[in-house]
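Here the structure of chain A is known, so what remains is to put chain B in place on it, guided by the hints.
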Amino acid sequence: MAISFDKALGIHQYALEARVKRAEVLANNMANADTPGFKARDVDFQAVMQRAQQAATGFEMARTNAGHMDTSSGAPDSELLYRTPHQPSVDGNTVDAQQEQTRFMRNAMDYQASFQFLNSKFSGLTKALKGE
Amino acid sequence: MSLGSIFDIAGSGMTAQSLRLNTTASNIANAETASSSTETTYRARKPVFAAIQQSLLNPDSQGLAFTGEQGPGAGVRVEGIVESQADLQMRYQPEHPAANEDGYVFYPNVNVVEEMADMMSSSRSYQMNVDIMNTAKSMMQRILTLGQQ
Chain A
1 MAISFDKALG IHQYALEARV KRAEVLANNM ANADTPGFKA RDVDFQAVMQ RAQQAATGFE
61 MARTNAGHMD TSSGAPDSEL LYRTPHQPSV DGNTVDAQQE QTRFMRNAMD YQASFQFLNS
121 KFSGLTKALK GE
Chain B
133 MSLGSIFDIA GSGMTAQSLR LNTTASNIAN AETASSSTET TYRARKPVFA AIQQSLLNPD
193 SQGLAFTGEQ GPGAGVRVEG IVESQADLQM RYQPEHPAAN EDGYVFYPNV NVVEEMADMM
253 SSSRSYQMNV DIMNTAKSMM QRILTLGQQ
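Line by line, the protein sequences are chains A and B.
For what it's worth, my numbering labels the leading residue of the first sequence as 1, then goes sequentially.
For what it's worth, my numbering labels the leading residue of the second sequence as 133, then goes sequentially.
Chain A extracted, bound-state conformation (with noise of 0.2 Å):
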């Protein structure tokens, strides 16, 4: 009996990855905070997660041509949207740099809270091995 890593990690490593994709999305934000008509854009974290979770059970639709429309909950980008200024600026312009920020650490530490649990369930597969 092989172990399967997919069924021993769970959910965790999706929650990672979705993790560095709205890090990069935040940090784009942050360097177009100057770049007049940027829209700010953030990633629904639930529609990623949903995706990851509908791909794990399986029950997806495969795609077997590049031509054939991805049919779980959305396009690859669907879960990328665009964020509601505050206020608005003159240029266009809704990155509020203060707000952009204080997400990308919340980010980081939810980036730190998805690592620590898949390290658990690493170090869990170790001690099983080991038999301890």
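Hints are computed from structural coordinates only; laboratory data are not their basis.
One thing to keep in mind: the hints can contain errors.
Unchecked claim - For each label pair, taking beta carbons as the anchor points, the in silico distance ranges come out as:
1) Ser150(B) - Ala52(A): 35 to 41 Å
2) Glu215(B) - Ala55(A): 51 to 57 Å
3) Phe139(B) - Val90(A): 29 to 35 Å
4) Arg274(B) - Asp6(A): 18 to 24 Å
5) Glu215(B) - Thr57(A): 55 to 61 Å
6) Gly37(A) - Arg223(B): 34 to 40 Å
7) Arg83(A) - Ser255(B): 23 to 29 Å
8) Asp140(B) - Met109(A): 20 to 26 Å
9) Ala52(A) - Val210(B): 36 to 42 Å
10) Ser255(B) - Ala52(A): 37 to 43 Å
11) Ala62(A) - Leu151(B): 45 to 51 Å
12) Ala52(A) - Met248(B): 55 to 61 Å
Each residue gets a CB set at the ideal place from its N, CA and C atoms; glycine is no exception.
Structure of chain B alone, referenced to chain A:
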């Protein structure tokens, strides 16, 4: 899509902000550069920022063509540097060596107060990008310890 691209994104932000700081320094340094004609007078320079779209870098990624949607983006770039179209300052200084036949000297259209505000804004944005890079670095170092006892 990885932690590595955060370095590129934050790096592009730092490059853009330091270029903005450069133009600010140049503008303030030349704030009092007098000249005898409107053509040769220094004009305030401003960088124009634009977002880099991932789909432009990698057109066949993810096949987003028919949704019209673009990827998360890949940082910022400086599209160019434009000269301010504001009016030049004309001062009557007949004793100035650069005065024209009517006794007028032209001074640049640099607004020093505006430039100072710009300087603060760009240095703050620069700091923010450095912070992001630091966080991404610690996230990356963290993932390298995965599975270690």
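Which numbered hints turn out to be false for this structure? The structure breaks only hint 12.
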